[in-house]
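Asks: What follows is the residue order along each chain.
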Amino acid sequence: MQTYLWLIPLLPLLTSALIGLLGKRAGKPVTAVVAVGSVLASFALSLSAYSLMKAAPGFRLELTYFEWMHVGSLSVPMGLVFDPLSCAMALVVSGIGALIHLYSVGYMWKDEGFARYFAYLNLFVFFMLTLVLGSSLPLLFVGWEGVGLCSYLLIGYYFETDYAPAAGLKAFLTNRIGDLGMVAGMMALFAYFGTLTMGDLLTKAGHLSPEVGFGVLTFATLMMFIGATGKSAQLPLYVWLPDAMAGPTPVSALIHAATMVTAGILLVCRLAPLFQLTPITLTVIAWVGAATALFAATIGLCQRDIKKVLAYSTVSQLGYMFLGLGAAGFAAGFFHVFTHAWFKALLFLGAGSVIHAMHHEQDLFKMGGLRKKLPITFWTMLIGTLAIMGFPGFSGFFSKDEILYLAYLKSPVLWLMGVIGACLTSFYMWRLMALAFWGEPRDHHAYDHAHESPLTMTLPLMVLAVGSALAGWWGVPEAFGGHFNVGQFLAPSLTFGQLHGAHGHHEGPAILLAAISTALALGFGAWGFFSYRNGLAIGEARAAKWPTLHRILENKYYVDEGMERFILAPIRWLGQKLWRVVDVIVIDGLGVNLPGALAGLSGDVIATTQTGRVRNYALAMTLGALALLWIFLK
Amino acid sequence: MPFAQSLLESLGRDLPYLYGPLFLVFAATLMIWPGDLLVGRTNKRAWSYVAFLVLAAGGAMALYAPLGQGFSGMFRVDGLTKGFQFLSVLAGLITIVLSQPQLNALREQTVEYYALILFSTAGMMLLVGATDLVSMYFSLELMALCIYVLVAYLRHQERSVEAGMKYFMLGAFSSGILLYGISLLFAATGGLTTNLAELNEKLALATPNHTLLVFAGVLMVLVGFAFKVAAVPFHMWSPDAYEGAPTPITAFMSMAPKAAALGAFVRVFGTGFHGVSGEWMLPISFLAGASMVLGNVAALRQQSLKRLLAYSSIAHVGYMLLGVMSADAQAGGQAIWLYMLTYLLMQSGAFAILIHLQGKGEGERIDDFRGLARRRPVLAFAMLVCLLSLAGIPPLVGFFSKFYLFKLAIEQGHITLTVLALLTSAVAAFYYLNVVATMYFKEAPEGELKPMGSGLALILTVTCALILVGTLFGPKLLDWTAKITLG
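As they're listed, the protein sequences go chains A and B.
Residue numbers 1 to 634, in my numbering, belong to the letters of the first sequence in order.
Residue numbers 635 to 1121, in my numbering, belong to the letters of the second sequence in order.
Because the hints were derived from the structure by calculation, they are not lab data.
Treat the hints with care, since some could be wrong.
[Claimed, not checked] Stretch-level coverage of chain B by chain A, calculated; a stretch enters the list once three of its residues show a Cβ under 8 Å from a Cβ in chain A:
| # | segment |
| --- | --- |
| 1 | 804 to 816 |
| 2 | 845 to 857 |
| 3 | 909 to 918 |
| 4 | 927 to 935 |
[As the list claims (entries may be wrong)] Computed cross-link-like contacts, SDA-like style, restricted to lysine to any residue with a CA-CA straight-line distance of at most 25 Å:
| # | chain 1 | residue 1 | chain 2 | residue 2 |
| --- | --- | --- | --- | --- |
| 5 | A | 634 | B | 915 |
| 6 | B | 1117 | A | 72 |
| 7 | A | 634 | B | 845 |
| 8 | A | 545 | A | 305 |
[As the list claims (entries may be wrong)] Derived Cβ-Cβ restraints for the label pairs, each shown as a range:
| # | chain 1 | residue 1 | chain 2 | residue 2 | range |
| --- | --- | --- | --- | --- | --- |
| 9 | A | 58 | B | 1114 | 31 to 37 Å |
| 10 | A | 392 | B | 1102 | 54 to 60 Å |
| 11 | B | 1096 | A | 562 | 51 to 57 Å |
| 12 | A | 411 | B | 1109 | 45 to 51 Å |
| 13 | B | 1110 | A | 411 | 50 to 56 Å |
Heads up, the beta-carbon is just placed ideally off N, CA and C, and yes, glycines get one too.
Chain A with its partners taken away, still in its complex shape (with noise of 0.2 Å):
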């Protein structure tokens, strides 16, 4: 009966490959339908799985279509698991993938590759939800590999230009690494459990206990952890997603801030009791984790590109998340995403209405002012970035916080890097906001023919507003007389069942923390938008003191440079050498040129038996029976 579920990722491929080979003829307008149409339907079905969930026992229903392979041991269904956590992520992903679409048919709709743009944009929600639904590591892995796949497709998606392009390979590149990880990890658990199926795997490692020193589980969850630091942008394989945002601006909404990029919490998530039992992995996903936040929200603070403040607050953000998984609250990491996909979604798609409306300008040097022409775009941006400051009853408060509490709780040097991570994120959001929507207009032609965007474009930024807001009253902590009901829903996919449960047992000055840190990010907000409200003035006048801070911050650290320097370069001329010496000389000649000739020499020779004469070819044969005949007798 519920075998239909099947539907919800395979609708959005059938439609990519309907729209991809007709959508130039079918027009816009069909094409835009299907495309939004399609999502949708999914998202329904993704409803309907859910309320099915909620129904099987033990809130699991796993469907098995057919055996994908069997070789030697290893049998992969092809199969789609239903729990709290995938269906969550899979409404999340068919949901705000609908509104993205919708927001894309306004974003797009002047652009030639309309079809192009849809076609990819659909085949990315399918391998989104083969990833999220898919009921083993192999299958989970497709979905990895294919939303890697559509996400260089559409980052390189303006390939007239030099950069895109380039920006996809970087992108493709630096996930190779992290999928290395990911397949030695999956090789190690599948030399330890003898399975690959999420089922199998996480009911054996119930009965383990945890490990303790550097053992296999701690090698397999690691390497699991670098594939999950490629796909979300994790220090070092961060360098990727910046880059990313050369392409259109709902990809990187969709894409590179609230679905793909948030992959690798999943991944961590769904395996949370085999990560339960690596507490040496748990400590290293913190360090990174809280590392990461901070580190890019300092880069945040001097980028004068609308979405590359956005891209860097997204990396620090998903450090936040592996900060929260790494202190073991899992649920708290995942309800980070769940609150991140909201508002870092509005704030994408509120930059792109500010970039459509400046005619395809986004440096912030030259907007200003743009409040009072853009009047939803920055209601609606406002309330984002409340959000993700983590303004008192805004979602990213809630969600925040319980990560905070929690890393506290692991130690609290991990408190205070998110705390300070915390300030300088609302620092960068309130210069954002002043920089592009007070002040006086720094650009005055582009901003006498800014416009308000079309309602298929607006229509997403205020549904998406609400969620913003509203979102983090799902979980409201305990330590504010909630319930944490994220982590009760959660919890029969994140415990499997197992005793030692995710939920930490909750002690300390929780309150008095979050009053903290909410007060020192209130304040750093103000001083933000108070810096940038007039001008630059304020903060030129900041750089010019401290220059070579400034410099530092504002060039990324020199990442990009010091391993173009130190990496790219020895990398290449080493290439240029191999490729003289062993691919000229010895495979070129020696292997390939060389037996080539012999063989073609011999087939000459073949050839030249073939003579067309019927006489010869009878002795040929009456010469292979004696020769056979030989053969017998010797």
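Following the hints, position chain B against chain A.
Replies: Using the frame of chain A, we list chain B on its own:
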């Protein structure tokens, strides 16, 4: 009349096994007379539709034939029989569709052409079910005689007639050897039986006393089969015949008779000569090895795609002989069947494109494919799929069929030969990819290409779709094959 009554009874019992081939023979006869006489000089093209339907009906009858053994153990219907009958019929159906462009262009549509295809297909259907050396021989001749004529069908073209003549003479020569081998075996067993199952027991008994006689007999039967499947060094007819024959008949010859002869090959050697497999294992491994090496190496230097496919089919036979070497009619038959099925799909796809580019039967050079990717991207992609699959490049379906064959060979301990097979597959990849490179990286010549006819397009679409779908289910294919051929 008790004799007549028992005859009728046994006929009533046994005939259902043969409904398929018999129907083809009767229908083909009726098509020539009085069918063609009544239709007269009107459009002969209609016969292609009739023949297609007849062949499809005959194939369906064979598929639904009861399982069992009849005619005093001369003919047997089991899963393997049906499997190989299906292949022959499929190849025949494809050939009829592939024939249309050329026959129309040359104005050579006749009813005899289709009748010959039906007759030879009937011969193949009998051949793969034959469980007796005598019935096997008769079916083989029914199949072969029709094909000799088909090769020489374009009687106004010198090379077609010459090819038919050569093929016929050498075929007669090999038939003589085959028959002589059968008679030697008949003598070695004391003239008691030609039935395969009984022969197996009798040969085992006769071997100690008449080793040379048994071996010479087996060897001559081997030569006869090696000729039919064109294994080196009994292959020399095939490049000439393939090149001279009308292109659709070349496609037919590389698929249908090959499938049937291999089916009979594995049955005769796996059932009848199973007990004396020690005697023929070494000679056949030489045939296999020589076919792989020579077929692939000779294909390297071919400028004509038709000849390239001819030589490569020699190499493919070399691989399939690995299945015969299993000396096991069931396991070997399954692996060969799967290989042949996939080969048939890829080969007919490639031939569809070749025929399309060929037009009136001229121009089959690889050079004609220059820049096809620019002129006809979809066509070039279809060709790419077929060629890569022929080369056995994973994950395409051609890889899986090779994989199962090689796996079987390794399980049987033929390590050296399997290594040789792998090495020669690499050579094969070179000349297949050479065509791909020509399509994708060379400048296209001037001039427009005419659009593809619907028949060819249908064949191409279906084969490519099946190759891609088969690719998805690659790991499942052998299980399915086992289910099908176990009947």
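Asks: Confirm or reject each hint.
Replies: A quick look at each hint next to the structure:
no., hint, in the structure
1, 804 to 816, "holds (count 4)"
2, 845 to 857, "holds (count 6)"
3, 909 to 918, "holds (count 3)"
4, 927 to 935, "holds (count 6)"
5, A:634 - B:915, "holds (14 Å)"
6, B:1117 - A:72, "holds (20 Å)"
7, A:634 - B:845, "holds (14 Å)"
8, A:545 - A:305, "holds (22 Å)"
9, A:58 - B:1114: 31 to 37 Å, "holds (35 Å)"
10, A:392 - B:1102: 54 to 60 Å, "holds (57 Å)"
11, B:1096 - A:562: 51 to 57 Å, "holds (56 Å)"
12, A:411 - B:1109: 45 to 51 Å, "holds (49 Å)"
13, B:1110 - A:411: 50 to 56 Å, "holds (52 Å)"
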